[in-house]
Amino acid sequence: MLDKELRSMIGQVKDGRMDRRAFIKRMAAVGLTAPLANQILALGGVAMAQSPAVYKPTQRGGGGPLKLLWWQGPTLLNPHFATGTKDQDGSRLFYEPLASWDADGNLNPILAAEIPSVANGGLAADAKSVVWKIKPGVKWHDGKPLTADDFVFTWQYASDPATAAVSISTYGDITVEKVSDLSIRILFKTPTPFWANAFVGAYGCVLPKHLFADYKGSKSREAPNNLAPVGTGPYKFVEFKPGDLVRGQLNPDYHMPNRPYFDTIEMKGGGDAVSAARAVIQTGEFDFAWNMQVEDDVLLRLEKGGKGKTVYATGGDIEFIAINFTDPNTEVDGERSSMKTKHPIFSDPNVRKALSLLVDRESVKKAIYGRAGRTTANYLNGPEKFVSKNTSWEFSVEKASKMLDDAGWKVGADGIREKDGKKLKLLYQTSTNGPRQKTQAIVKQACQKAGIDVELKSVVASVFFSSDVANPDTYPKFYADIEEFQIPMTQPDPALHMRRYISANVATKENKWQGQNFPRYVNKDYDAAIAAAETETDPVKRAALYIKCNDLLWTDTVFIPVMHRLLVDASSNTLRPALSGWANRTDNIQDWYREA
Amino acid sequence: MSQYVLRRLLIAIPSLLGISAVLFFVLALAPGDPFSELATNPNVPAEVQAALRAKFGLDDPIYLRYLHWLSAMVHGDWGFSFVSRMNVDTLILQRLPTTLYVIGSAQILALLVAIPVGVYAATKPYSVFDQVANTLAFVGFSLPTFFTGILFILIFSVTLDWLPFVYSADINATGIRWLLEMIRQAIMPVAVLGLFQAASMTRFVRSAMLDVIRLDYVTTARAKGLGQAKVIVKHVMRNAMIPVVTLIALQMPAVFGGAIVTEQIFRIPGIGSLLISSILSNDTPVVMAVTFVFACLVVLFNLIADVLYGWLDPRISLR
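Protein chains in written order, with the numbering used here: chain A, 125 to 720; chain B, 63 to 381.
Everything labelled a hint here was simulated from the structure, so no lab data went into it. Careful: at least some of the hints might be erroneous.
[What the hints assert, rightly or not] As a list, the in silico DSS-like pairs of lysine-lysine whose alpha-carbon atoms are at most 25 Å apart:
#1 K523/A - K547/A
#2 K292/B - K636/A
#3 K252/A - K263/A
#4 K117/B - K343/A
#5 K477/A - K581/A
#6 K633/A - K296/B
#7 K340/A - K117/B
#8 K333/A - K296/B
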């Protein structure tokens with residue numbers, strides 16, 4: 125179908141001249157499935173069809189207790205102070221955002237009356253503002269009504285640097301104003317195509333103004349409700365012991381019909397992933413356990429005749445090997461991996477490409493990740509509309525060897541390739557973590573066959589991921605030739621995920637290595653594409669720009685994607701959890717229920 | 063006597079200061095950052111992390127931070143947890159009852175096993191009973207708790223499905239059912255810890271008894287025509303138990319300190335699991351408070367053991 129024709133049809137649906145169903149029918153006629161047709165509409169700025177969450181219970185409550193096991197328990201219950209997802213998960217039982225992300229990366233309204241769209245007047249044509257309508261009749265757990273003032277306050281609270289909220293980047297650059305008691309307008313400084321960030325998802329939880337108003341700014345840590353949340357959520361707070369237990373009970377005034385299903389909720393913390401899997405899958409002591417970072421073999425063994433199973437959710441988390449574009453062994457002005465140097469070996473693109481040919485992703489998947497991973501050539505792996513189809517990967521020692529031969533890297537007397545006196549020796553670092561050390565071994569073996577000598581190094585995670593300026597072993601310092609770790613994609617939009625690698629973001633001594641571009645990748649085309657994407661309001665063109673960025677990372681071999689990782693949880697056979705790879709585990713907790 | 067106690071208490075002050083300084087500087091110099099989890103999150107700008115560091119005083123020089131901590135501690139302020147953003151003393155007090163219950167029960171179980179077995183084995187050295195008790199004791203303290211713990215879970219929870227292996231501090235029940243549940247869930251951790259302790263204690267009791275049982279006054283007592291039971295309980299045990307009492311007093315701090323490994327395996331929300339999770343998340347104020355309180359308890363119970371020793375055995379004079 126011609127692009128033009130498609131666009132005019134999208135336009136018709138937008139204006140209401142053609143209805144959704146007719147559009148989907150016509151797409152089906154040319155061989156496109158309904159979900160794909162919906163995607164196209166969504167891309168074209170038509171409101172997403174609200175995903176029909178299958179929810180069967182016909183009355184509130186009666187479901188008994190819901191027992192969740194988080195092997196790292198929440199340590200605080202203010203979503204704007206959450207240091208990790210565990211804290212967000214705990215807070216989310218009680219606090220709610222305007223909307224959350226469903227499994228396909230679409231918005232699911234929670235406190236919003238409807239999802240803003242161009243059609244319903246919520247989205248401004250210039251992408252500089254968005255109006256959210258708040259669901260009427262929602263009450264805080266203490267009986268006070270939820271109004272626009274609470275949203276305006278949450279914005280003030282989170283954007284105040286003295287509060288030191290972790291959500292400051294979500295709220296810092298926007299202005300929130302009250303339109304009426306039940307609607308707010310968010311104003312952006314620049315056209316913002318990805319408008320669904322503030323008040324959506326984990327950082328979107330709204331705080332009650334009447335309880336937090338006195339604790340804004342530097343007094344934030346004294347708020348008694350930091351430890352005793354009062355929200356609008358499906359469960360009311362009962363008890364909290366940091367790191368150990370969060371308990372809640374059904375909220376009889378919850379604003380969604382027939383929800384929640386469970387009478388009480390309990391989130392227990394502590395222990396390790398394997399025994400958590402055991403408690404859910406084998407003994408059935410718990411209904412759901414979070415984040416099963418356990419080898420697939422072990423899970424398969426537990427699942428045999430057990431009381432539970434593993435469940436998967438697809439997001440965009442990517443495990444990769446990053447390549448250093450600067451020289452980690454030369455010190456310039458007291459800084460290694462300085463921008464003033466070029467990597468002696470990797471400045472030859474053939475070496476980077478050959479290395480990519482030497483990463484046996486299929487074996488890594490088979491030996492380590494199993495059902496929890498997908499092989500990929502892309503750095504950007506979701507949502508579907510942003511995934512590049514132009515890339516490919518392959519594992520071939522022969523091709524890699526030939527490529528290196530052709531580029532002039534000849535095998536020396538010791539079996540290691542060299543060129544102009546430079547030996548093909550690499551230092552490969554990662555954090556100490558079973559699967560990563562196994563991946564290192566697989567890569568090293570292939571490299572040896574191709575005449576590359578790889579030295580392996582593993583750094584304790586607390587050091588590797590710290591921002592300690594004095595420590596040489598952190599990942600942003602990158603005092604190695606290649607390094608491996610995972611970057612989670614925290615929202616179904618690539619803006620933040622891809623923005624990291626613009627040249628202004630390189631990690632240097634000057635910015636205390638806080639620049640997020642740790643491979644020190646510099647490419648003007650990439651910078652230009654990101655800049656264009658960030659103000660592009662046409663969703664189709666914007667997606668194309670991010671696909672271009674992904675393809676640039678691929679052609680320049682900045683990253684060698686090892687595995688597109690899925691979220692793995694354990695669930696009892698009867699529980700029906702509503703999970704999404706684009707949200708935290710409890711982001712749709714109101715939709716969980718049990719089926720006999 | 064009171065002079066002795068006073069002097070010991072005064073000596074304790076510099077040693078506690080020394081301990082706290084070493085602890086503090088080692089922790090401060092250790093790598094890691096309580097807010098490191100934020101660093102990998104692209105949503106959180108570096109400034110937030112910097113602001114948090116400044117807010118919690120992490121950017122001050124180490125000696126200044128130590129002095130701050132020390133003066134606060136003297137005033138009874140145990141500090142403020144970076145990770146939970148609450149007072150450390152509340153956190154510790156929340157965890158203390160569970161630890162006292164589980165570890166305390168384990169100690170009692172250990173005593174209940176060790177004293178009768180040890181005493182009986184000593185009265186009949188190298189008999190079959192003694193050999194068996196000795197062998198079991200060897201096996202007992204050679205097997206680490208993380209092994210026996212997992213073994214117990216596999217047998218009693220997974221295979222037989224008799225006992226739960228996730229400990230819950232708050233059981234949703236009242237009255238007799240609550241009591242039964244509390245006992246049921248504590249059986250495995252108490253057994254694992256208690257039997258481990260009992261193993262080494264049995265050997266200690268046995269050798270203490272053997273030291274005394276060969277002495278002349280015991281022979282005299284027997285010669286007087288006293289029965290075996292009376293000789294053992296009234297004459298031998300009374301003297302043999304003096305070192306055992308000291309040993310028990312020295313183990314008391316552990317009852318408060320918790321058992322890191324066992325608490326982790328059974329998810330017991332005690333002091334030990336608080337300590338390990340705080341260490342892993344670099345929550346220095348909590349680690350400092352727990353280890354320092356533990357150090358204080360060790361010093362205190364050492365003193366108590368010495369005083370007890372003098373009281374039980376008047377031949378020893380304390381000066």
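Now for the hints, and whether the structure bears them out:
1. At most 25 Å may separate the alpha-carbon atoms for a hinted pair to count; K523/A and K547/A meet this at roughly 20 Å.
2. This hinted pair does not check out: K292/B and K636/A have alpha carbons roughly 77 Å apart, beyond 25 Å.
3. With a CA separation close to 30 Å, the supplied pair K252/A and K263/A exceeds the 25 Å bound.
4. Of the pairs offered as hints, the one joining K117/B and K343/A holds, with about 11 Å between alpha carbons and a cut-off of 25 Å not exceeded.
5. Restraint check for K477/A and K581/A: satisfied, since their Cα atoms lie roughly 22 Å apart, inside the 25 Å limit.
6. Pair hint K633/A plus K296/B does not hold up; C-alpha atoms about 76 Å apart against a cutoff of 25 Å.
7. With a C-alpha separation of about 14 Å, the suggested pairing of K340/A with K117/B holds against the 25 Å cut-off.
8. For the suggested pair K333/A and K296/B, the alpha carbons sit about 72 Å apart, so the restraint of at most 25 Å is broken.
Against the hints set out earlier in the document, violations occur for numbers 2, 3, 6, 8.
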